[in-house]
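S.K.: In case you want the letters, here they are:
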Amino acid sequence: MKIMLPQNFYYTKDHEWAAIEDDVATVGITDYAQHSLGEITYIELPSAKKHLKAHDILAVVESSKAASDVYSPLAGAVFATNDELASRPELVNNDCYNDGWICKIKLSGTPDVKNLMTAAQYEAYLKKI
Amino acid sequence: MDKKTVLFEKHADLTGKAQIVPFAGWFMPLWYRSIAAEHSAVRKTAGIFDCTHMAVLKVIDKDAANFLNAIATNEISMLSPGKAQYSYLLTPTGNIIDDIIIYYIDVDNFMVVANASNEQKVKDWFSKVSTEKIGIDKNWQYKVIDLKDSTLPDAKVDIALQGPASVQCIKNIFGVDVSTLKPLNFIQLKDKGFDLIISRTGYTGAKISFEIFVHPLKAAELWDLLLEKGKDLGVIPCGLGSRDSLRIEAGLPLYGHELAGYFNISPFQAGYGWAVKLNKKNFIGKDVAVKQSQNFDTEVARLKIIGGKGVRPIRQFDGILIDGRCIGYVLSCAGVNDVQIALALIEKKYNNNEQQIGVYYLARNQGHIQQGRKDKAVIGEKLDADIKGLVVERFEKF
Numbered sequence: 461m462k463i464m465l466p467q468n469f470y471y472t473k474d475h476e477w478a479a480i481e482d483d484v485a486t487v488g489i490t491d492y493a494q495h496s497l498g499e500i501t502y503i504e505l506p507s508a509k510k511h512l513k514a515h516d517i518l519a520v521v522e523s524s525k526a527a528s529d530v531y532s533p534l535a536g537a538v539f540a541t542n543d544e545l546a547s548r549p550e551l552v553n554n555d556c557y558n559d560g561w562i563c564k565i566k567l568s569g570t571p572d573v574k575n576l577m578t579a580a581q582y583e584a585y586l587k588k589i
Numbered sequence: 038m039d040k041k042t043v044l045f046e047k048h049a050d051l052t053g054k055a056q057i058v059p060f061a062g063w064f065m066p067l068w069y070r071s072i073a074a075e076h077s078a079v080r081k082t083a084g085i086f087d088c089t090h091m092a093v094l095k096v097i098d099k100d101a102a103n104f105l106n107a108i109a110t111n112e113i114s115m116l117s118p119g120k121a122q123y124s125y126l127l128t129p130t131g132n133i134i135d136d137i138i139i140y141y142i143d144v145d146n147f148m149v150v151a152n153a154s155n156e157q158k159v160k161d162w163f164s165k166v167s168t169e170k171i172g173i174d175k176n177w178q179y180k181v182i183d184l185k186d187s188t189l190p191d192a193k194v195d196i197a198l199q200g201p202a203s204v205q206c207i208k209n210i211f212g213v214d215v216s217t218l219k220p221l222n223f224i225q226l227k228d229k230g231f232d233l234i235i236s237r238t239g240y241t242g243a244k245i246s247f248e249i250f251v252h253p254l255k256a257a258e259l260w261d262l263l264l265e266k267g268k269d270l271g272v273i274p275c276g277l278g279s280r281d282s283l284r285i286e287a288g289l290p291l292y293g294h295e296l297a298g299y300f301n302i303s304p305f306q307a308g309y310g311w312a313v314k315l316n317k318k319n320f321i322g323k324d325v326a327v328k329q330s331q332n333f334d335t336e337v338a339r340l341k342i343i344g345g346k347g348v349r350p351i352r353q354f355d356g357i358l359i360d361g362r363c364i365g366y367v368l369s370c371a372g373v374n375d376v377q378i379a380l381a382l383i384e385k386k387y388n389n390n391e392q393q394i395g396v397y398y399l400a401r402n403q404g405h406i407q408q409g410r411k412d413k414a415v416i417g418e419k420l421d422a423d424i425k426g427l428v429v430e431r432f433e434k435f
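So the protein lines, in turn, are chains A and B. Residues in the first sequence are numbered from 461 upward in steps of one, following the numbering used here. Residues in the second sequence are numbered from 38 upward in steps of one, following the numbering used here.
The shape of chain B in the complex, shown without the other chains:
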């Protein structure tokens, strides 16, 4: 049974039940007003997102840093209090368990934020590593705690505030100026009965973007405050739909699509090799990661394709063609204004700016198959392009 987040009642008040859908085990809003309006708000003013379904863990005690450095691919020693880092958890065979952000709160206190869809897998992995002492020293002292547990005084869940008006919105509520906070840096703030972590992080590509970690029992109050004090600034609630179109436009990967998933895409193929520190003495999965880093023929590319009203949207697994030959597959796609932005897995040699590509629409239903349309494209196969596009820079510059 899908669970309701601590903000469920807010969504039910703000939108119709048709727009609240099961996602990663939670009932989540797909949109409130419209995906396009919410996308545009994040680019021009700001939007808030319910991310309280995301996993938030705390790793404490004297060997917390050693433990995290052994299980995560990035280098913990590059962190200091108030800094956060993007990283991966790998299996010993090099498969991605999840992509995470690690927040250095203190020398013996770290917060780890993981995908909602991978919450149980991450927790199970942490226990397995600890019980079976996989890649860790048996004498290390550390403890992993579920920070979403609302009985904890320092419990935390995530609400994202993304877009240029975010700074003023936070100022309106707490009188604090976060404009000088650098990307991946965070502050702790105790005010108005809130005990917050405000970090300059996000998943929309917005330059000015924050995630606010708040006690689950105070989340609804903060949600209301953000909307009330942000109203005149154009701050609106945003759902999963715009979260997806924003992250696709920005070029950010989603676990299961541009990372791991059907094609088992590695961090190197996704364009995030920098978050896997191969010069680190050891981390779980390092041997395979070294090989992955040296040898891959396909990688994630960002494509710009004709779009707008009246154009059939491109979907996952549609074929990417060059000169009528299939060289890759669509992983994710979103309509943004009058174009479609897609992330695709394509042969590396074609992942060059301005490279012209075509897209083959797979059959959308049985009728299409009867008319001779394929329901699966095969690399190397000759296909006729239904629509044209270009490879663009891997990440959008806003």
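Just chain A, same shape as in the assembly:
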């Protein structure tokens, strides 16, 4: 099984990804996370305008086997959620880095990426777990 990792994204130890463009981060869960969860049947999306610190609970992704909290990789305010996931949670299984995005966060200040991993670092991390 090949785990896909877009090169220009940032990653967390809890298997979230963040794609940062200017002051906006698009957030989702990684290919490794969706493989581990199996068939995702339900996603609790964050409420819009919710202010988050890094590592606050952002969403809950549930498969038949587990309910998994998704943590915010960065601090900011949620300004868009992928409402399509409410009826089609399988998008996270099928395309976790594109159609399966969870929400967009307007970052507060300069993105604090020092606690995040690059694709290469995350790949090395996956090899260890």
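Think of the hints as simulated: they come from the structure by calculation, not from any bench. Do not rely on the hints blindly, as some may be mistaken.
Said to hold, decoys possible - A short, non-exhaustive set of chain B residues, derived as facing chain A with CB atoms under 10 Å:
| hint | residue |
| --- | --- |
| 1 | ILE72 |
| 2 | GLY344 |
| 3 | VAL348 |
| 4 | ARG349 |
| 5 | GLY372 |
| 6 | GLN393 |
| 7 | GLY404 |
Just so we're clear, the structure is a prediction, and the values are computed from it rather than from any experiment. Just so it is clear, CB atoms sit at the ideal spot from N, CA and C, and this is done for glycine as well.
Following the hints, position chain B against chain A.
M.R.: Chain B alone, transformed into the frame defined by chain A:
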């Protein structure tokens, strides 16, 4: 440290490491392709399951039957060569040690299959009973042997082959027709270097279902053969995920969930009172079992609840409600097609077909608790239902 089954390398070849998880002390595959695909294969074609982690014991010698009849709740004398029986091991205080299947191979030779999670407990119980002569005659001659020991020539581990295509799959490999084998009956087969016990048993609810007991050193070869000769029949490898959804759909209990466990559920509450023969002269735990059989207010029910994509899955300990009042708890749940099937412990008087129920989702994380959601439901408490369902027949008819 979790152990690898004799089929571990097969799983590693067939699936990613994220899907191999620790279970009952063993690394086991959760699924290969998907839980839904494997569930559906067992219902429509067939699937094979690594059950080589399960405990397999042999009880031999002239008093083997007496010993088993004293420690197990079902009646051994109803068995004859080639027949198997579902039974319970109870403590003197009536708690379930394990649910087991006893195979009558010969008058002085029985095979006992127990849950992997209870293997050590069962072995310890057998030694304790033997050393302290609990409920047994001190002169009885019998011996308990671990049949998974691969140094034994007749060693055995379990691979399950479940689903309608199973018969043809066995025929393709061994040329043997097992279609006439009745449920809980088994044959012994020596062919192609294998020394097998093929029994019509299983844990999926599939009408046509078998467990094949094979020497541990030959298990990988048999696994490959089943997949190769079953390929055109749609036989696929299945993991723990579909094993759970299949047994839940069927209504079969899992030790620790619908038997014993948090609520200390008795065989009577689980719907298996028939496997506890109270008219038997004696067995360990009988006094308490008699009382349990006469007096229980809650029992295991099977529920059908709205499900499918976009519906939050129900989980263990979620509250079962009638008219906004908590009357029980979810024990296990699985999504099957577009519904959720749950096994729940509910007040007996409500365990009637078509009874409408509601389910209260317990908090799934700290955030939910902060929003006021409870992390524990209490019987009698008023709660608002999050989702609706019905009590259905205790066992699914396939």
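S.K.: None of the hints should be skipped; say for each whether it holds.
M.R.: Right, here's what the structure says about each hint:
1. At about 6 Å, the closest approach between the beta carbon of B:ILE72 and any beta carbon in chain A falls short of 10 Å, and the interface hint on this residue holds.
2. At a threshold of 10 Å, the smallest CB-CB gap from B:GLY344 to chain A is about 8 Å, leaving the interface hint in force.
3. This hint holds: B:VAL348 has a C-beta 6 Å from the nearest C-beta of chain A, less than the 10 Å allowed.
4. Evaluation of the B:ARG349 hint against chain A yields a held restraint, the C-beta minimum of about 5 Å falling below 10 Å.
5. Nearest Cβ of chain A to the Cβ of B:GLY372: about 5 Å, under the 10 Å cut. The hint holds.
6. Nearest Cβ of chain A to the Cβ of B:GLN393: about 23 Å, over the 10 Å cut. The hint is violated.
7. Annotation: B:GLY404 was flagged as interfacial toward chain A, and the flag holds, the nearest CB pair being 5 Å apart, inside 10 Å.
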